[in-house]
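Quick note, the sequences are listed as chains H and S, same order.
In the working numbering, each residue's number is its place in the first sequence (first place is 1) plus 2.
In the working numbering, each residue's number is its place in the second sequence (first place is 1) plus 37.
Rather than coming from a laboratory, the hints here were simulated on the basis of the structure.
Treat the hints with care, since some could be wrong.
[What the hints assert, rightly or not] The calculated label-pair distances, taken between Cβ atoms and stated as ranges, are:
hint, chain 1, residue 1, chain 2, residue 2, range
1, H, S133, S, G197, 37 to 45 Å
2, H, T242, S, L265, 51 to 59 Å
3, H, P74, S, G197, 56 to 64 Å
4, H, P74, S, A218, 41 to 49 Å
5, H, S116, S, A60, 20 to 28 Å
6, S, S196, H, G42, 15 to 23 Å
7, H, P74, S, E362, 50 to 58 Å
8, S, S196, H, L261, 53 to 61 Å
9, S, G96, H, S72, 53 to 61 Å
10, H, E117, S, Q83, 38 to 46 Å
11, H, P74, S, V259, 48 to 56 Å
12, S, V259, H, R220, 47 to 55 Å
Ideal Cβ positions, reconstructed from N, Cα and C, are used throughout, including at glycine.
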Amino acid sequence: MNAQLSFEGVEVRLGRRVIVSGVTFELGEGEVMALCGPNGAGKSTIARAAAGLLPASAGSIRLRGSALRSVPPGDRARICAYVAQQPAAPPGFAVRELVALGRLPHLGLFGAESEKDRATVEQAMERAGVSSLGARPIGELSGGEQQRVSIARALAQEPRLLILDEPTSNLDLRFQASILGLVWRLSRDEGLAALVVIHDLSLAALFCDRLLLLAEGRVAGYGPPAEVLTAPLLVRTYGTPLRVLPHPERLSPVVVHSLAGHPQIANQGGEA
Amino acid sequence: MSVRARLVFARPAARPAAHLVLAAGIPVLVAAVIIATSVGAVSIPQTTVAATILRHLAGQGGAGGPADTIVWDVRLPRVLLAGMVGGTLALSGATYQSVFRNPLADPYLIGVASGAGLGAAIAIVSPLPLDYYGFGYVALFAFVGALAAVALTYELARSGRTVPTANHVLAGVAVSAAATAATTLVMMLNEARAFVVFSWLYGDFTTSSWEKLRLASPYVGVSWVVLLLCTHRLNALQLGDDEAATLGIRVERLKIVTVVVASLATAVCVALSGLIGFVGLIVPHACRLLVGPDNRVLFPVTLLFGATFLILADLGARMVLAPQELPVGIITAAAGSPFFLILLRRQRRGLP
Chain H
3 MNAQLSFEGV EVRLGRRVIV SGVTFELGEG EVMALCGPNG AGKSTIARAA
53 AGLLPASAGS IRLRGSALRS VPPGDRARIC AYVAQQPAAP PGFAVRELVA
103 LGRLPHLGLF GAESEKDRAT VEQAMERAGV SSLGARPIGE LSGGEQQRVS
153 IARALAQEPR LLILDEPTSN LDLRFQASIL GLVWRLSRDE GLAALVVIHD
203 LSLAALFCDR LLLLAEGRVA GYGPPAEVLT APLLVRTYGT PLRVLPHPER
253 LSPVVVHSLA GHPQIANQGG EA
Chain S
38 MSVRARLVFA RPAARPAAHL VLAAGIPVLV AAVIIATSVG AVSIPQTTVA
88 ATILRHLAGQ GGAGGPADTI VWDVRLPRVL LAGMVGGTLA LSGATYQSVF
138 RNPLADPYLI GVASGAGLGA AIAIVSPLPL DYYGFGYVAL FAFVGALAAV
188 ALTYELARSG RTVPTANHVL AGVAVSAAAT AATTLVMMLN EARAFVVFSW
238 LYGDFTTSSW EKLRLASPYV GVSWVVLLLC THRLNALQLG DDEAATLGIR
288 VERLKIVTVV VASLATAVCV ALSGLIGFVG LIVPHACRLL VGPDNRVLFP
338 VTLLFGATFL ILADLGARMV LAPQELPVGI ITAAAGSPFF LILLRRQRRG
388 LP
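This is chain H alone, in the form it adopts within the complex:
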């Protein structure tokens, strides 16, 4: 199988503190994997390690079969793109200029852009829905618009592996669906592999092929969303009453809060 990214028994430390340990998974071509879990479970740490920003202190991380730490940064950047949780909005940059930075790994010694580079930038902006913002200074945009610009920048990189750290955190319902739908489509049509850190389990269930649930730095569940997202596991992992329902259109779980812990609210609701 064409594993774009694989983790095997990975442990990552920040200083002396162990943040995640014993993480094993494999992400193949054309697959979208969600990284879920409570705050501080180590989701972003795994995303950063996968992007080559943090070294594994134990275990191995492989990018297309080669040890990630031995892949030269330039080669890595042509395979893997990463969007941080809070992407920078450098003052003065126009949206198009910022998206064009994604072409960097493909440029030559003098950093000149070709027609193909420019066309790729336009296509990336169109896909992320920011074409109309091209000439606007990045600092003037809303948080959601900036987030989509960063995703356009990552797409301009033409990656085979896309790592997104909470890409939907600032997006409204429409753009949540359109960004995740785009990632899903790119995985089906072009074989893109994607690792998406996401809090919303129901969204993850709809748009991702597999889900890795983290709890306190360890893997609590791994597999198709329908298998991982079960009420007992989620209640244990998140420590709050939750219920899992079927999606009305699809065999995919929807996770909602239960009012079991809040009897007063439940009583007011007047359940039939």
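Put chain S on the given structure of chain H with help from the hints.
Below, chain S without anything else, positioned relative to chain H:
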């Protein structure tokens, strides 16, 4: 950080095309060279200046006579040196601003210039022979001072394996203050040479010569090439260290190379002409307002305009109290600070 937020740029749509700015900048620089060469105690017509320079460039040698000597041997080296120093200081400033993602970073703020100044002041008051006055021990000590300041600032600011921008600037201010204090102490302890140090500290092109230009140009030239080749990588750094790293940049290496190269270039400038402030801060800012933040365009434009700016500032230094000369650093500060304030106000009113 409202100041930081205000230091913004021309709206992308309102920027003139980069090649137009470059195309306009070159004739302006040439005109500045010719005008600055023609003005002085003996006024020489600009046509004569142009003709003399062209004759020398064509390899036909001098026409002889006082005009030829004044233009070719006395004034032109001085003007070209001012241009080289101005362009280099501005380019170094643009580099620091880009690396530290701080629009206020310049050779002064991170301690480089003060460190070089301290090194040079020690060389001037020391009993060492100063045969190549201005480019012997003075240069060597300035190099050492600049690099020591960079290293010290970097070490002071380092936390673990990274250097947070705010720490770096704070450490730079501290190192700068310490170096300035030490320079003052050096002057107090050596009253006899204090005036030499003082006038040199404020910028001095009076000892310019072709010899100095020849000695400095390899270092300066190499630094220009290295920095201009790093522009697209420095662009990526504006996204933050993490995203730059995922774009294939070796972030720490890029920072160290560009900072060391810019610091060496600054030290050469300090050794050549003393401490000349504001060029490294004002020129990159003004250029950024004009052409935007893309370093691939910004760096060459900054180099060009920095050269023009210091040539005109040196012209001013010679003219204001003629026949006496002012230190050029006073001119750059006097011209630079109001210019800076005007830029800020225009920006606030939303004018490009």
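Hint by hint, here is what the structure shows:
1. H:S133 / S:G197: 37 to 45 Å: holds, 41 Å
2. H:T242 / S:L265: 51 to 59 Å: holds, 57 Å
3. H:P74 / S:G197: 56 to 64 Å: violated, 24 Å
4. H:P74 / S:A218: 41 to 49 Å: Between H:P74 and S:A218, where Cβ atoms are some 46 Å apart, the hint holds.
5. H:S116 / S:A60: 20 to 28 Å: holds, 23 Å
6. S:S196 / H:G42: 15 to 23 Å: holds, 22 Å
7. H:P74 / S:E362: 50 to 58 Å: holds, 54 Å
8. S:S196 / H:L261: 53 to 61 Å: violated, 46 Å
9. S:G96 / H:S72: 53 to 61 Å: For S:G96 and H:S72 the Cβ distance comes to about 55 Å; the hint holds.
10. H:E117 / S:Q83: 38 to 46 Å: holds, 44 Å
11. H:P74 / S:V259: 48 to 56 Å: violated, 26 Å
12. S:V259 / H:R220: 47 to 55 Å: Given a distance of about 53 Å, which is inside 47 to 55 Å, the answer is holds.
Of the hints listed earlier, those the structure fails to meet are numbers 3, 8 and 11, in rising order.
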